[in-house]
Every structure is written in structure tokens, then in C-alpha cells.
Amino acid sequence: MLALEPRAQPSRFWTWVSPALALLLTLMLGVLLFAALGKDPLRGLQMFFWEPIRSGYALGEVTIKATPLLLIALGLAVCFRSNVWNIGAEGQFVMGAICAAGVALTADKASGSWMVLLVLLAGVLGGMFWASITAALRERFHANEILVSLMLVYVAIQLLGFLVHGPWKDPAGYNFPQSRTFEAATQIPRLMAGSRMNLGLPLVLACAVLLWVFLFRLRAGFALQVGGLAPAASRYAGFSSRQALWTSLLISGATAGLAGALEVAGPIGQLTPYVPAGYGFAAIIVAFVGRLHPAGMVLSAILMSMFYIGGELAQSRLGLPKSISGVFQGLLLFCLLLCDTLINYRLWLGRVR
Amino acid sequence: METYALLLAATLNAGTVLALAGLGLLLNEKSGVLNLGAEGMMLCAAIAGFATVVHTGSDWLGFVAGMGAGMVMAALFGWLVIWLGTNPYATGLALSLFGAGFSAFVGVSYVQAKLPERVPWVVPGLSDIPFVGEALFRQHPMVYLAMALTLSMAVWLQSTRSGLVLRAVGESPQSAHALGYPVRLIRFAAVLGGGALCGLAGAYLSVIYTPLWVEGMVAGKGWIALALTTFATWRPVRVLLGAYLFGGVTMLQFHLQSQGVQIPSQFLDMLPYLATILVLVLISRNPLWIRANMPASLGKPFTPTA
Chain A
3 MLALEPRAQP
13 SRFWTWVSPA
23 LALLLTLMLG
33 VLLFAALGKD
43 PLRGLQMFFW
53 EPIRSGYALG
63 EVTIKATPLL
73 LIALGLAVCF
83 RSNVWNIGAE
93 GQFVMGAICA
103 AGVALTADKA
113 SGSWMVLLVL
123 LAGVLGGMFW
133 ASITAALRER
143 FHANEILVSL
153 MLVYVAIQLL
163 GFLVHGPWKD
173 PAGYNFPQSR
183 TFEAATQIPR
193 LMAGSRMNLG
203 LPLVLACAVL
213 LWVFLFRLRA
223 GFALQVGGLA
233 PAASRYAGFS
243 SRQALWTSLL
253 ISGATAGLAG
263 ALEVAGPIGQ
273 LTPYVPAGYG
283 FAAIIVAFVG
293 RLHPAGMVLS
303 AILMSMFYIG
313 GELAQSRLGL
323 PKSISGVFQG
333 LLLFCLLLCD
343 TLINYRLWLG
353 RVR
Chain B
6 METYALLLAA
16 TLNAGTVLAL
26 AGLGLLLNEK
36 SGVLNLGAEG
46 MMLCAAIAGF
56 ATVVHTGSDW
66 LGFVAGMGAG
76 MVMAALFGWL
86 VIWLGTNPYA
96 TGLALSLFGA
106 GFSAFVGVSY
116 VQAKLPERVP
126 WVVPGLSDIP
136 FVGEALFRQH
146 PMVYLAMALT
156 LSMAVWLQST
166 RSGLVLRAVG
176 ESPQSAHALG
186 YPVRLIRFAA
196 VLGGGALCGL
206 AGAYLSVIYT
216 PLWVEGMVAG
226 KGWIALALTT
236 FATWRPVRVL
246 LGAYLFGGVT
256 MLQFHLQSQG
266 VQIPSQFLDM
276 LPYLATILVL
286 VLISRNPLWI
296 RANMPASLGK
306 PFTPTA
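Chains A and B are the protein sequences, given in the same order. Residue numbering for the first sequence follows the working numbering, starting at 3 and increasing by one per position. Residue numbering for the second sequence follows the working numbering, starting at 6 and increasing by one per position.
One chain only, chain B, in its complex shape (with noise of 0.2 Å):
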């Protein structure tokens, strides 16, 4: 009963990462941008964030840092695409390729490097509850943080104008235009809070849940995001949910390695990856079904035309 409280803790953690870069891609791609580089955000805001934790001690300014980082790359992202027109895909993968690199040149120094013992923080009373309060009250505030995100966005974007808004430019840029709203920045905004989240999940990869640098640590979390956002067809709540499914998979894995499951590590590392390809294969077979679900201008640039 112990072990299974502590792998529900354990998940509910790992599905808090990829949650957060979740909704950040869904903020992005509410508003119409496809970017693909949230693996390169990612990476930078983790060391960002690891190095910041290092010089000054606190995880907070850590998280900052991180978002920090990942709005720096969301905003150069968005310039080009939005303003300069280039190619969505090319820019992100640049993104991408360019964030693996940067990262691990600037980590170099961080990879031996500690962070201090932290003291676990508990929800005083309701974590004293058998089982329940194992598994879901001694947990790092920004799990709870992103479960009320996550709420947040789902009532932002259903029910208040300004969500609204973000939707309409998501789905027709030309109509929202003629509204009068001003599509490319309200898309370069989007952009950015996409960056931030994104930033965010990777400082807590790398402050929170290894907690330590390695170069390429993002490990394809960044494309799992990506992939969250389709299967979640574009729904806050579902994002949540599917980034805990993944982090049970996650778990799942050590788990098994943990009680000597005779399957070669290598074998349960693939799990997420495989589970990534079998939930696409799953989500993408009614073509229809994704296409009346997904943002209809998402990857279509936008020119005003005065």
C-alpha cells in the first residue's frame, strides 16, 4: 500500500512537468502558432533555472529564471514567425537544435553541481491521512500550482472574453482582424506565455524532480508535450490528465525496474516513447475527429492586409 501511495506521489510529480509545458503549448496553439521548439525552451530554462537555484539558493528565482528563458526564445521564435513570416516548422526545429546546443554548451560547469537539501513540503493536517495523504498532500507547491492552472486556462478560454478573443484569433485570424483586434501581437503574446510555461516546466525538471543538470535531460519531453496537445485535442483539463497518464508510464517504469521485473531496462526506458506513438496512432485515426478539434489557422501564417 506504501509503494503504490508513493508511485501515485511519484506520478502525479513527473506528470507535473510535462503538464506545465503542455499548457504552454496549448496557450501557443489556441492562438494559432505551431512551435516546435519547445525541447530547446525547455533545455535552456533548465540550466537557467539549475544555475540560478545554484548561485542564489532559492528554487523560486529558479522557477523565474526559467521562465525567464524560455520567454528570451518564445519571443525570437515569435518575431520570426509571426512578423518575418518564416516556416513555422524550420523555426521551431532551429529552436529546437539551437536550445540542445546553447544548453549544453553553457552547463558544462553545472554537471557535477548540487543542489541543497530541501525540506518536502507538506499540507499541514490533510497529509497526516493514511494512503491519501502520502500520495497526494506532500507534494512540491507547483503540482498543486499547475492543477490550478489548468482549471484557470479551461475557464479563461471558455468562458471570459479576452479567452474568447484568443480562440477567434486561433480559429479565423481574418475575422478577428476585421474585429478590429490585433492579431499578431495578441499571437506573439500567446507565444510568449507559451515560452513561460514551457520555461517553467523546465526549471522544475531540473530545480524539482531529478534534481541535477545532465546535458539533454529534457530527454523528448519537450516533443511528449508537443504530442499532449493532439491527444488532449486541445482541452486544458485533458492536458493534465494525459500528462499524469504519462507520468504513471514514467513510474511505471521504475517501478518495474525497482521489483526486478527480468525486462532489460533499456526495454522500459522505450515505454514513454512507445506509449507516445500508440496514443497518437489511437487519437489520429478518425482524421475528421482532430480536424474539428484542432485551432483552424494552427500553422497558417497571418499577414494583415491593410
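Excised from the complex, chain A in its bound form (with noise of 0.2 Å):
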């Protein structure tokens, strides 16, 4: 029989191959899954492991999808690491789109080029106003933060449904309900000629260097992580937890704002329904698979984005549905959580000892 036996202290080694052991049984279950549905296992691999890397357009398109992605997370991580549990940035992600989309309406043809700076912060308040919902109802009234962050998920996506049903609707959009497409002036500028890699790319590898100096260097990211490892500890240091909740979910407010509005002044170009396209949960995902460290993240966060393009190429090229992704997306989490468990205990065959 296999049994666990717990280790003296946590197992280095594991914490850093626990991620890749994770995938590698995800791509087993994969494997499984295609042949289960009949379709060819390596071709269905290669949907998702070769197509979204094959080219320079196919790249820039996984920077498109990874870029929201580790935006979201880096905030995320900051919130997991002071034990503030924020699972509503999708909530936050769309009210930084709906913020970032109300200033980019208000431009004309005249309008100069820094107006997609206003977008942005727009977007940023936007993302950060969500966000002190949840931090003010915690402080004031101990309202959990899971259940008020993710209940104003739903009342953000209402309120994007109004605007885009309501004041907001192109009218010459044929009835559609989505806004026009923003002004040239207010659209994120792309990097090169023949992909849609933009400027939101460096702005988010910026933002992932930022927040390990934050992490690592600073006294207050220093300060938010006693309090979420041990309370008392921090207490006695004289940590303020109170400056701990409102720092976190400022920050996780702020970048999933930031994706936001790169979204809509980005790829989409416009206000519709489908701004929420789950990025803010599949971030929870990136920010656990990176192990809430940066470096990791960028990694996750390309992995989970090549999920996304090839369910989209499973679905135009294996007719199966788009929404494998998601599925993928679950497994990769429940594999990483159950390799984790080798971080602490060693496995072994035969009796306890």
C-alpha cells in the first residue's frame, strides 16, 4: 500500500518540481480525455501545445490572452499572501472596463494620444473603487470578503449589462448591446506590425518586477505577509491588519482594473457582454500555479493562456468544445494541489513507520 509519512520540514525540491509534476499529470488526463471523446491524443496535445507557439502572430496572440491573466494574479498573490481571500477580481476586472470604456467614449477624432493614458487610470480607479467595497464592509462590519467580492462579480457584470443594453448602446450598432469602438486615440498601441501584441505586455512585466521588489524589498510587503503567515507574530511586531486588508485588496483592485481596461482599449476595442470572460478566476489558477511568486506567474500565466487558444483551436479544428479550456484549466488546479502534497510528506511504499 502507499502510504504518507510527514516530513521533518517542507521539501525544497518538491515546492519547485510539484508545478511541473502537476501539468505532466494534467497532460495524462488530457491524453485520456481525447482518446475517451475519440478524437487523437497527440493532435489534440497538439491544439494546445504546439499551435499557440508555433508562429509570431500565434505568440502574440498567447501574450494577448496571458497578459489579463498575470495582471490579475500579481494582484491575487498579494491578497493570498496576506490571507486575504479576493475572489472577486472578475467583478473588478469589469469595473475597471466599464470605468476605462466611460472615458474612452467621451473621446472624439480630435482627441490626443494621451487620452489611453486616462483609459488606463481610469480603469485603475475603477478596479480599486470595486475592490474598497469588499475592504470597507471587512473592516467596518467583518462582512467575509469571499462572499461580498463575489457577489459584486455579479452585480458588476448587471450594471456592464445595462450600459451596454442602455445608455451606452451604439446606435448605429444594428441593435447590438455593445458601445461603439472606441476612438483610435484611445486604443492601446500595438508593439509591432502583423500581430496584436500591445503595449499591455511590457506595462505587465513591468508590474511583475514591481511587485517582487514590493514582496521582497520592501517593509510593507514584508509587513502583509507576517500578518497572513501568523497573526499573533504580526500583531506583536505592531503590523496593522487593518493596513494589510486595505493595501491587498487596493492592489488586486487596481491591477485587475489595469487588465480591464487593457481588455477593451485592447483586443476588443470596445464595451460588449463578453468583457467577462473568466479571467478573473482563471487568475486564482495562474497565481496558485506560480506559487504566488512573480516569476512563476509569468510562466502560469503563458501556460494557462495557451489553455485558452487551444480550446479555441479545439473547437474550429476538433469540433469539440471551447469550453475545454476550462476543464484543463480545473484539472491543472486539483493536480497541483494534490502534487503539493509532497511538499510535506514523502510518499512510501508499505506501512507507515
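Do not take every clue at face value.
A short list of chain A residues far from chain B (calculated; beta carbon distances all over 10 Å) [claimed, not checked]:
1. Gln11
2. Thr17
3. Leu26
4. Asp42
5. Leu44
6. Gly104
7. Ser113
8. Gly175
9. Met199
10. Cys209
11. Val215
12. Arg219
13. Phe224
14. Gly230
15. Gly271
Which stretches of chain A does chain B cover? Using the computed rule of at least three CB atoms under 8 Å from a CB of chain B, they are [as the list claims (entries may be wrong)]:
16. 143 to 152
17. 283 to 289
Because the hints were derived from the structure by calculation, they are not lab data. Predicted model, so just to flag it, every value in this text is computed and none were measured. Every residue gets a Cβ at the ideal spot worked out from N, C-alpha and C, and that includes glycine.
Mind assembling these two chains? They're in different frames, but the hints should get you there.
In C-alpha cells, the structure reads:
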């Protein structure tokens, strides 16, 4: 029989190898799934792991989806490290998109290209505002942040629905529930011709570096994490838990809002009901699989983005539902949690000693 | 008058989904395990139940399938959290995220499917009473089963030996272990029971309440049910009443819409979620009160030291 034996201390080796093993397990389950659906497993895996990186254009598409995932995950990592369970990033993303669109729609043909900065700023503020509701209710009334932030997702999505069906609907849009297309001055500039890769990519990479500095080089970042790991020690050291709550929620609101702004002013280019694409939830997986570490999350965001693109390809080329990417993303998180047991436990063939 | 009777009837119907899920989560949490995966279990159960009814034509087989789906997912969750000691928050979220993806994937071919017409079930005699009969006695049997389940769960938890053991495991797993009770097995059983009830709620939603399958159709009801256990300070009868209250909010939204009230429908659709936040705020104001009622070991792992 297999038996688990607790380790004297967490294994450093498995801390780093476990995500890779989890990916391998997910792949094996994926092969089984493709085989069960009567599709050639090799061709299935090719859609997920080769097609998305095959050409420059395809790589650009990977960065387009990895950008919001990574941005949101960076913010969530601050929350999870300080033991604040913000799982409503999707709502903060939508609110960022709404506020960004609000600014973008005021632009006209004569607007200068500096407008795009205002659009991004509006997104950041929108996300922060939405997250601050959760923080305020948590601080003032002790309301559980998991439930409040999640309920606010549905509220934000309804608000988006109201705007695109009502006041912001494009009068020349054949009655489709969507805003008019943003002016060029308010669209995120692309990095090069022939690819949809845009300025969001360097921006998000800069954010990853900033997060690394904040978490590992600044006292404020250290205080947050102590609060998460050992609340008693944190109180003794005089670190404020109130400050940790607000800082982490505002940071994650800001990054989610920025991601929302980059999304509507970037690849989408208008406000539509399809803005909430689940990035806010998928980013939770990105954060965990990336070990809440900026460098790890860069890798996991790329991986999750490939899952999204693989799902789209599997739909168009293999006739599988696009939601297969959601299956893989969920499986990956499960496998990670399973493999993470190896960090604290040793696996034995035989009886527990 | 007729309208209000129908409104009351619809409220009970809508509340039943939340009540079943809420009772399941209450069972779960009484044993000290917090499961954030209700939304995912309900989604998978909804499609499992719906697909079963499409193929077999039997609602009750659909319910069984939903319960089975919920239990399989709960078993996975329980194994990871109770035996492998994974973080319950992350594992529950994984269940919800996976459930959303998996149900959408499996459900694609059922999006347009329709269920057979049903003959409404009425309580003989009582359903002819004016108003009351219309409001209370023309419901699906599951509505009454949910009520019966609530009462029996309240009695079971409060006045039986096994109910006391479950509460002991949730309040102080160390003491229960010292008395020789298999804490982890009891917790696992409670998690399975919670999964079965969440599954039943999901199947009732797709088979009877809606009745159709749409991707993401649970739309936060799993999370509202999770909030319900807190509102109800972990008491079954209060879970049921809270569920009806939320059922009422949902129905109020449809009622206002049909009355032609000049509020955009999206704002009415926000009502259940805003109501959840509002009640959560009201109930959480006094943290001591919550702490006094919450199972003391909720969300804390337990490893028996031999």
C-alpha cells in the first residue's frame, strides 16, 4: 500500500517540481480525455502545446491572453499572501473595463493619444473602487470578503449589461448590445505590425518586477506576508492588519481594473457583454500554479493562456467545445493541490513507519 | 389575490433550491469542514440530472444522478482536504472552477434539449382551498421533502446521539478523537452528505425549477447558499426560512418586471446579490455573535496524533 509520512520540514525540491509534475498529470488526464472522446490525443495536445507557439502571430495571441491573466494574478498573489481571500477579481476587472470605456467614449477624432493614459487610469481607479467596497465592509462590519467580493462580480456584470443595453448602446450598431468602437486615440498602441501584441505586455512585465520588489524588498510587503502567515506574530510586531486588508485589496483591485481597461481598449476595442471572459477566476489558478511568485506566475499565465487558445483551436479544428480549456484549467489546479502534498509528506510503498 | 398566491408558490419553489444546498453545506460545516465548491458541485449535478432526465425521462433518476455527481465531487474534495491536508479554500475554489468548466464542456450538446411536459402534482383535497391551496399545495414533492429534511435535520442534530457526535467533531475534533470517534471518517461522511444535498439542489434547479440547461445556470446560488449557513447561524430551520426569503427576493424581481415597473431589468437582477451582501453585513456586525455560533473548528485541519 502507498502511505504518507510527514516530513520533518517542507521539501524545497518538491516546492519547485510539484507544478511541473501537476502539469504532467494534467497532460496525462488530457490524453485520456481525448481518447475517451474518440479524438487523436496527439493532435489534441498539439492544439494546446504546439499550435499556440508555432508562429510569431500565434505567440502574439498568447501574450494577448496572458496579459490580463498575469496582471490579475499579480494582484491576487498579494491578497493570498496576506490571507485576504479576494475571489471577486472578475468583478473588479469588469468595473475597470466599464470605467475605462466611460473615459474612452468621451474621446472624439481630435483627441490626442495621451487620452489612452486617462483610459488606463480610469480602469485602475474603477477596479480599486470596486475592491474597496469589499475592504470597507470587511473592516467596518466583518463581512466575509469571499462572499462579498464574489457577489459584487454578479452586480458588476449586471451593471455592464445595463450600460451596453441602455445608455452606452451604439445607435448605429444594428441594435446589438455593445458600445461604439473606441477612437484610435484611446486604443492601446500595438508593438509591431502583423501581431496583436500590444503595449500591455511590457506594462504587465514591469508590474511583475514591481511586485517582486514590493514583496521581497520593501518593509510594507514583508509586513503583509507576516500578517498572512502568522497573525499573532504580526500583531506582536505592531503590523496593522487593517492596513494589510486595504493594501492587498486595493492593489489587486488596481491590477484587475488595469487588466479590464487593457482588454476593452486593446483586443476588444469596445464595451460588449462578452468582456467578462472568466479571466478573473482563471487568474486564481494562475496565482496558485505560479506559487504566488512573480516569476512563477509569468510562466503559469503563459501556460493558462495556451489552454485558452488550445480550447479555441480544439473547437475550430477538432469540433470539441471551447469549454475544454476550463476543464484543463480546473484539472491543473486539482493536480497541483495533489502534488503539493509531496512538499510536506513523503510517499512510501509500505506501511507508515 | 391570485397573483400573490402564485408569487408565494413560486417563492417556495425558488427557495427549495437554496434550502437544499444550504442544508447540505450546514451538514458539511457542522463537522468542521468548509467547502467553497458548492457552486461547482451544483453545476455538475445540474447537467448530470438534466442529461439523465433527457435520456430516461424520469425526474427521480435525474435527482439520483445529481446527488451522485455531487457526491463524487465531494469525495474528491474530502480526500484532498481531510486526508492530504490541502488548503480547504484553494481546494473548494478548485472544485468550483473545475465544475464550471466541466459542466459547460459536458453540457454543450444539451443546450437546446427540452424535457417532457409534466403533470403538476397537487395535494389531494388541500389544493382546492382558495389562496392557500394555490400557494402551498400545488408544489413539486421536493418542496415538501426539503421542509421535512429541515425538521429532521434540526431534530437529529439537537437530540440524537449521532447528531451530537457530529457536532462534537465540528466543535472540538481533539476531544472527539480522544473519545475514540473516527474524526476524519465522520468529517468525510458529512462532506459526502453535503455533496449529495448540493447535488440534489443542482438537479432540482435544472430538472424542475428552470427546467433547462444553460452554461453557468447556477449563477451564484451555491455561493448564496454558503452565505445562508452564516445568516442562519448554523441552524437548519433558519436556513430554510432564509432560503425562502431569498426565493422571495428572486420572485419579487420577476414580479416587478411583469408589473412593468420602470426599472431596467439588470438592476432587478442585481437584487439577490445585493440582498446577500446586505444580510451578510447585518449579521456579521457583531463578530462575537458569529463566533459563538460557528462550529469552533470550521476550516481548521485535523490530524490525529496516534
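Hints, verified against the model:
{"no.": "1", "hint": "Gln11", "in the structure": "holds, 15 Å"}
{"no.": "2", "hint": "Thr17", "in the structure": "holds, 15 Å"}
{"no.": "3", "hint": "Leu26", "in the structure": "holds, 18 Å"}
{"no.": "4", "hint": "Asp42", "in the structure": "holds, 18 Å"}
{"no.": "5", "hint": "Leu44", "in the structure": "holds, 20 Å"}
{"no.": "6", "hint": "Gly104", "in the structure": "holds, 17 Å"}
{"no.": "7", "hint": "Ser113", "in the structure": "holds, 30 Å"}
{"no.": "8", "hint": "Gly175", "in the structure": "holds, 18 Å"}
{"no.": "9", "hint": "Met199", "in the structure": "holds, 27 Å"}
{"no.": "10", "hint": "Cys209", "in the structure": "holds, 23 Å"}
{"no.": "11", "hint": "Val215", "in the structure": "holds, 26 Å"}
{"no.": "12", "hint": "Arg219", "in the structure": "holds, 27 Å"}
{"no.": "13", "hint": "Phe224", "in the structure": "holds, 22 Å"}
{"no.": "14", "hint": "Gly230", "in the structure": "holds, 12 Å"}
{"no.": "15", "hint": "Gly271", "in the structure": "holds, 23 Å"}
{"no.": "16", "hint": "143 to 152", "in the structure": "holds (count 8)"}
{"no.": "17", "hint": "283 to 289", "in the structure": "holds (count 4)"}
In the structure shown, no violation is registered for any of the earlier numbered hints.
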